[in-house]
Each structure stands twice: as structure tokens, then as C-alpha cells.
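Those protein sequence lines, which keep their order, are chains A and B. Numbering of the first sequence is given in my numbering, commencing with residue 62 and proceeding in unit increments. Numbering of the second sequence is given in my numbering, commencing with residue 27 and proceeding in unit increments.
Keep in mind that the hints were calculated from the coordinates and are not lab data. Keep in mind the model is a prediction, meaning the values are calculated, not measured. Each residue gets a CB set at the ideal place from its N, CA and C atoms; glycine is no exception. Check before you lean on any hint, since a few could be wrong.
What the hints assert, rightly or not - Cβ pair distances, simulated, as ranges:
1) D287(B) to R150(A): 18 to 24 angstroms
2) D86(A) to P352(B): 49 to 55 angstroms
3) G367(B) to R150(A): 53 to 59 angstroms
4) T418(B) to R150(A): 31 to 37 angstroms
5) V344(B) to R150(A): 41 to 47 angstroms
6) E151(A) to D287(B): 22 to 28 angstroms
7) S461(B) to R150(A): 34 to 40 angstroms
8) D181(B) to E151(A): 49 to 55 angstroms
9) Q133(A) to G367(B): 27 to 33 angstroms
10) R424(B) to R132(A): 43 to 49 angstroms
11) D419(B) to R132(A): 29 to 35 angstroms
Claimed, not checked - According to the in silico footprint, chain A covers these stretches of chain B (three or more CB under 8 angstroms from chain A):
12) 304 to 315
13) 362 to 376
14) 451 to 465
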Amino acid sequence: MPETSILLIEDDPAISMIVEEMMMDLGMGTVITAGRLPAALEAAANGGFDCAIVDLKLHGQDTFEVARILRQRNIPFAFFTGYAADSLREYASQPVLPKPFAEADLKGILDHLLRPVNGA
Amino acid sequence: MVTAFSEAQNGLDMKQADGSAQLFPKDALRLLPTAACVCDAQGRIVDCNDKAIGLWGRAPAPGDTWETVSGDSSQQTRNFQLLLEAGRPQANAALVVRIAPEVGSLILANSEPLWDGDERVGSIVTFQQSPGSASGRAVLWETLDVLPAAIYTTDAEGRITFFNKAAADLWGATPEIGASLWCGSWKLYRPDGSLLPLDQCPMAVAIRERRPVRDVEAILERPDGSRVAILPHPTPLYDPSGAFVGAINMLVDITHQKVADERHILFARELNHRVKNALATVYAIAMQTLRYTDSLDSFRESFSSRLLALSGAHDLLVRCQWQETPLKTIIAEALSSFGPGRLDVEGDEAEFGPRATLTLAMTFHELVTNATRFGALANADGRISIRWQVSTDSEGERKVSLSWREAGGPVVDAAAQTGFGSRLINHNLMALGGSFHAEFARDGLRCEMVFPVINEAPGWPPAKPSISSTVRPSGATADPASPGGQVL
């Protein structure tokens, strides 16, 4: 697998830290993390990653605008949330990494997002 | 005074004066056994007999109508007058005539249109003081008119025969007595939002099927477009002989209850989300602690202490009702096991939303743990000074600059302190969009932290998601000067 880069949008540092480490264990090249909405929007707009995992809320604010940018740029992403799927509005068809999650869930989602049809 | 009124020169009897047809023979009017008056086609009183004047307590003046001489401003009187003007016959209408605002007589009124060939030229109204059931009905209607519950009745065909003021207020409209069918609502909808035709409304069902209808909610739309959730209570009415005579309905406004129900659903949903988030945090802390401890004993100690810190931080959120928590309170909670004699905590006011409060609480917990194991809190006389200022940066964002100074603890072994704790603190500050710098001076640890004041205060229950109000268009966000995504 060529070196991949992942955007992780998550406002709980305990979770982003362990997810980053798990991603590293899975052989991902770089993990870009954003914990606040302005940083997340900027990271999504800047690109430079192969797929994204997006928490539905950052400090109480929805991240649908981040999802819109990612969809526009055709970058595969999954929501990362404990909310029910009907909270995803027009993004209900996006894959979801549920909270809480197991390491296997994370691996499954990354495999799905980075599958060859959309891969580099 | 009776004579004066009946004379042509008082202006009320012009038709007779100029020789045109008299609406109703004057002598007949005098001879009628009941009080009576004659109205023109516009509902103005043009003649009356002594018995009528006796009941009204005065003779009518030019231009007086039934409504003005009755001295009563209830909806029933208004309706009677409207039907008089429309030329509809009315039988046994129970009305009130007032000789003073607080002195009223209950009467039964009948009206019949008067015709001149095909032309309706007026009406004759006869009325009498009415003991018995009619007066009982008038008392009842008068009482209903002042009650806040919306109540109306229909005849056996569903034509509205009575409605009170509360019903007119609820409908935001005034139905036509004797003509409007089923309900005075402008429009009705089912709870699923589909249109409910008036002839299928619960009142129509109750009348057609001769049964009370209960527990069927509807949404009423007023002519001005506003909507009210209602619970109707249509109930058939029967006369003493058992014949079906119509129905009565009470419309209960359940808008407040519906709003409360929706809040309850949001509340339960949000609670579920928060529980799952908390479990995800606990899982992450467990996995992380597992990675950085080398024995089961040290895992047990570190994990349980972090879990208790997280629990204490949640207590803070509850105390501040998931709104905003002052920084001073967050720090005080982390240091609650230590007396004030060893601490010097001082800084500007700054308040944080729930997510940032949890992150800061866990950060200070790590610093306190570190101080307890290796630093100023590891012996009996070390001290910690925590000072901060709030300033506004060039982007307009408020930032806290905080210094943590330990003194008087055991001699610091820098190597022992560069472990997981400081990595975790560093990561926490980055997640907040801030920075962390630690230095191990000879007399103790010195840390400098900078982090933005994040007070999201989502409310409880949270406001409905509103992208447009919280997020700028994507093109406006790429500001090279603002802190971007952190590359780890």
C-alpha cells in the first residue's frame, strides 16, 4: 500500500490521540488532526490527504460544512459519531464509524474508504 | 315616551310618512302579545311596541340596532344581529338584554324576514323574557363565553349554532352561525402534516357516526398562517326524547405539550449521544493508558485516577448545566484534594463550553498527577502558583496565557517527567488550537500554556442544527494566519 495520509476531525483529544496511534499501527503515513471547526474547514479545503474521518460535532458545532467540502472535492470520508444515522441529513449514505468504536471498526472503515476504486 | 316614539316626526317611521309600504302594520305590532320590533333590511330598528321598550328600559333612537338596544356585547348578540342583517329567520335564540352592564334579562328571540313581493324589506323580531330551559341555555352560553376553553356547538347537520370567544380566538376567525359547517378552522392538518378536509374532521365524524371522538390530534391553521396543535372533544347531543340534535366540541390547545414532547425526544436523543461520547472517551483513555503503562498495577492506578478525573469533570458540567464553566472552577476541581495554603490560583475571568471544559479538566488532572508523583505536591511543603491573563489576539479571538510554576518540591529529575503525561497534555492543548511548553527548572516544573476561550454553550436541549448561522462559506475560511490543522 502506498503511503497514505488521513484527515482526522475530532474534538476529544483522548479519542484523537488513540485513533492517531491506531492509524499509525495500521501503517498510515500521516495523520492530520483538527479539533476545532475553523481548523477543520481549512484542513478540508487545503487537501493533501486520501480520506477523512469526521466527528459530527466540534465544540457543539455541526461539521456538515466540512462534509460538503469533502464531497465537492470527491474525497472519501466517514462520519465519526454517537448520533443516530438520521442525524446525518443529506449525508445519510456516508459510512459511519460509531462511537464508541473498536479497533477493528476503524480498520474496516479505513479499508472501505481507501479501497482501490477511490484510491491513489 | 311611547307616544313620542310612535309618531312619524321622530324620524324612525319615514317609509310610512312618505307613503311607501309600511313594513309591518303599527296596530298589529301594538296588539302582539309579546315584545316586538321591526327592523329594516339593514337591521336598524324602525318601530317597536311598548312591551319591547319595557324590556329594553328605553326607547330606541334613530340608527339603533338590536345590538345597540340590547346593551349586550356577547358573541351571541353579535351573531343574532348579523343574521338579522342577512335576513335569515331565527327561532328561539337565547340572548341577554341589559338595562345596565350588570343587570341583564335573559330572553328568547325570534326573527322572521319581511317581504314586499320578492324584495326583502326588513324583519320582525319578537322576544320574551324566558324562564326555563332557554334561559338556562343563555346562562350557560354566557358562562361559556368567559371561559378560556374553546367551545362550539352544531346542529344535527353540522352547521355551527354557537361558539364562544375562546373558540374564535383559537380559530383566528369568526364562522357564520347557521351556515359554517363542522368547524370554524381556516384549515386543518393531520399530525403527519397532510391536509385534513373539514368534512373529515373529528367533529364531522362525531356527527356522522353519532359517537364521541377522542384522542385524535389535529393541527389548526389560522388565516394568518400561524398553527396550533389541538385535541378536539366532539360529543353528540340528544334532546330529552332521545333525538339527535347536534354536537358540542371543546378544542384543547396542546401546542405547549407538543413542544414539550419534542424537547423530550431531543433530550433523550442528546443524552444517548452524550453517553456514547463518554463511553468512547473512557475507551480511548483505557486504550491509551494500556499503551503507556508497563504493569497491571500501574494501569489500574493511572486508569482509575483518570476515570475519576473525567467523572469529576462531568460533575462540573452538570453544576454549570452544560453551559459554561469558569476556568477557575476547572482548576479548583483538579486541585480539590490540596489545601489552599499550597496553592496560588489567580487569573482573569474566562468561561469554557462543555467539550473544552472536559479537555482542560483532564489536562490539569495530568499536571496535578505529575506534581503529586514527582513535583511540588510530592512532599509536604511544595507550592504551586497558577496565574493567567486573557487577551484578544489580532484575529479577535480571546486567548488565555497561563503559567504553572512549581516550587519547593523534591529536586526535579527531568528525565522522569517526559513521559506519557506531558505528551497527553501537549496533545490536549493542540486539540484546543493552543500550545504547551514545559521546562524543568531546578526548583520545579514551569509550564506555559496558551489556548483560546471556547464557549460554545449549546443550550439544553441543543438548538436545532443551523449551518448557515454557525459556519462561514468555505472560501472565507482559508486564513493563512489562523492556526490550521495540526500535523502530528
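Problem set entry | Outcome of range test on Cβ distance (D419(B), R132(A); 29 to 35 angstroms) | 32 angstroms, holds
Problem set entry | Status of the given 49 to 55 angstroms range, CB of E151(A) versus CB of D181(B) | 52 angstroms, holds
Problem set entry | Cβ separation of T418(B) and R150(A), checked against the hinted range 31 to 37 angstroms | Distance hint for T418(B), R150(A) holds at roughly 35 angstroms.
Problem set entry | Coverage claim, chain A over the segment 362 to 376 of chain B, checked by counting residues with Cβ within 8 angstroms (three needed) | With 0 residues close enough to chain A, the hint is violated.
Exercise. Can the segment 451 to 465 of chain B be counted as covered by chain A under the rule of three residues or more with Cβ-Cβ separation shorter than 8 angstroms?
Worked result: Holds: 6 residues of the segment 451 to 465 of chain B have a Cβ under 8 angstroms from chain A.
Problem set entry | Pairwise beta carbon distance, V344(B) to R150(A), judged against the given window 41 to 47 angstroms | With Cβ atoms ~30 angstroms apart, the hint is violated.
For this session: Mind checking the hinted window 27 to 33 angstroms against the Cβ distance between Q133(A) and G367(B)?
Result: 59 angstroms, violated
Exercise. Does the Cβ-Cβ separation between S461(B) and R150(A) fall within 34 to 40 angstroms?
Worked result: 35 angstroms, holds
Exercise. Are at least 3 residues of the segment 304 to 315 of chain B within less than 8 angstroms of chain A when you compare beta carbons?
Worked result: holds (count 9)
Problem set entry | Distance restraint evaluation - D86(A), P352(B), Cβ atoms, bounds 49 to 55 angstroms | At roughly 39 angstroms between Cβ atoms, P352(B) and D86(A) fall outside 49 to 55 angstroms, so the hint is violated.
Exercise. Is it true that the C-beta distance of G367(B) to R150(A) lies inside 53 to 59 angstroms, as the hint says?
Worked result: 54 angstroms, holds
Exercise. Between D287(B) and R150(A), does the beta-carbon spacing fit 18 to 24 angstroms?
Worked result: Cβ of D287(B) to Cβ of R150(A): about 22 angstroms, so the range 18 to 24 angstroms holds.
The earlier numbered hints that this structure contradicts are 2, 5, 9, 10, 13.
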